[in-house]
Amino acid sequence: MKQSPFQIKTICAAIASLTIAGTAQAAGFALLEQNASGAGVAYAGKAAIGEDASAAWFNPASMSRLKERQLVLGGHYIDLNGKVNNEGSTAAPGRPLGSSTGEFGDEGYIPNFHLVVPFNGRINFGLSVATPFGLKTDFQPDWYGRFQGVTSDIKSVNINPSASYKVNEQWSVGAGVSAQKLDAKLSSQINYAPFGGTEGLTTIAGDGWGYGFNLGVMGQVTPATRVGVAYRSAIEQDLEGNVTFDNVAPAVAALFANSELTSKIRLPASLAISSVTELTPKWQLLTDAT
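According to the working numbering, the residues represented by the sequence shown are 15 to 304, in order.
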């Protein structure tokens, strides 16, 4: 179906909001919670610690520290919630303001799976299945920002096989590839009052696969200190889906026809530099920059 210019602008605006979210790691779109053991130290030292099978995810080179087969299964429960309060917003002519207070957020579960299998004294193989991006916000349908957004729901699954090679007693290297599935759903209200209608919900939903890689190096730089550097590439997602319009005013129904869409979204790369220093048999110093 041929898109009208007005409809194309509406779709592009919503897709742009998803793209912006994809670069905002600090806002919670990127998920670091990929094992249970790291949560206790806020994931400090994650690229150098190599203490269990989750090493396959955080730095494949650190798998060289594992001498036996290991399997790690875990999950994190997240209860995201917040409140909004209008401190003086005004509506454009012909556009009702709506509710000035409300709540947003939703519950989520982040599962993870990590497996490491030593092959010989130098080579280890790993497999991680993780959720690197996600979470959901769900506002009330009458809140005062409903024309910008009501629901944003992002889910991902990353399948990441990897391998490590122990160069010598001090240094190891590792690499892996990723196949990542992304599902996205965005909705917002449209005001049809100028066309003799009320308000209607616009929903954009799509999914797709993207592919990337990760690299790592780990070194025992002193008898007490080891360092690790881990790089995870950006992944470009080719999403396919549809856009639907509900409760459209009859006068503009031809401009807001349900249709298919495609979009490209680039999820950001990451670089982690970590160190672990054995201060005493009971104390470690962990550092991390990501």
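Please keep in mind that the hints were generated in silico from the structure rather than gathered at the bench.
For each residue, glycine too, the CB sits at the ideal point set by N, CA and C.
Among these hints, one or two may not hold up.
Cβ-Cβ distance ranges computed for the label pairs, FRET-style [to be verified]:
#1 VAL191 with PRO295: 33 to 43 Å
#2 GLY119 with ILE173: 38 to 48 Å
#3 ALA283 with TYR123: 20 to 30 Å
#4 THR239 with ALA219: 21 to 31 Å
#5 PRO208 with LEU85: 58 to 68 Å
#6 THR276 with ILE173: 43 to 53 Å
#7 ALA219 with ALA267: 17 to 27 Å
#8 ILE173 with ALA267: 27 to 37 Å
Outcome for the supplied range 21 to 31 Å, where the beta carbon pair is THR239 and ALA219: violated, 49 Å
Distance restraint evaluation - VAL191, PRO295, Cβ atoms, bounds 33 to 43 Å: Between VAL191 and PRO295, where Cβ atoms are some 38 Å apart, the hint holds.
ALA283 versus TYR123 beta-carbon gap, inside 20 to 30 Å or not: With Cβ atoms ~26 Å apart, the hint holds.
C-beta pair THR276, ILE173: status relative to the range 43 to 53 Å that was hinted: violated, 23 Å
38 to 48 Å as the expected CB spacing between ILE173 and GLY119, which holds or is violated: violated, 29 Å
Verdict for PRO208, LEU85 (Cβ pair) under range 58 to 68 Å: Since PRO208 and LEU85 have Cβ atoms about 60 Å apart, the given range 58 to 68 Å holds.
Range hint 27 to 37 Å (beta carbons of ILE173 and ALA267) holds or violated: For ALA267 against ILE173, whose Cβ atoms are near 43 Å apart, the range 27 to 37 Å is violated.
Beta-carbon spacing of ALA219 to ALA267 - inside the hinted bounds 17 to 27 Å or not: holds, 21 Å
The structure fails to meet hints 2, 4, 6, 8 from the earlier list, while all remaining hints are met.
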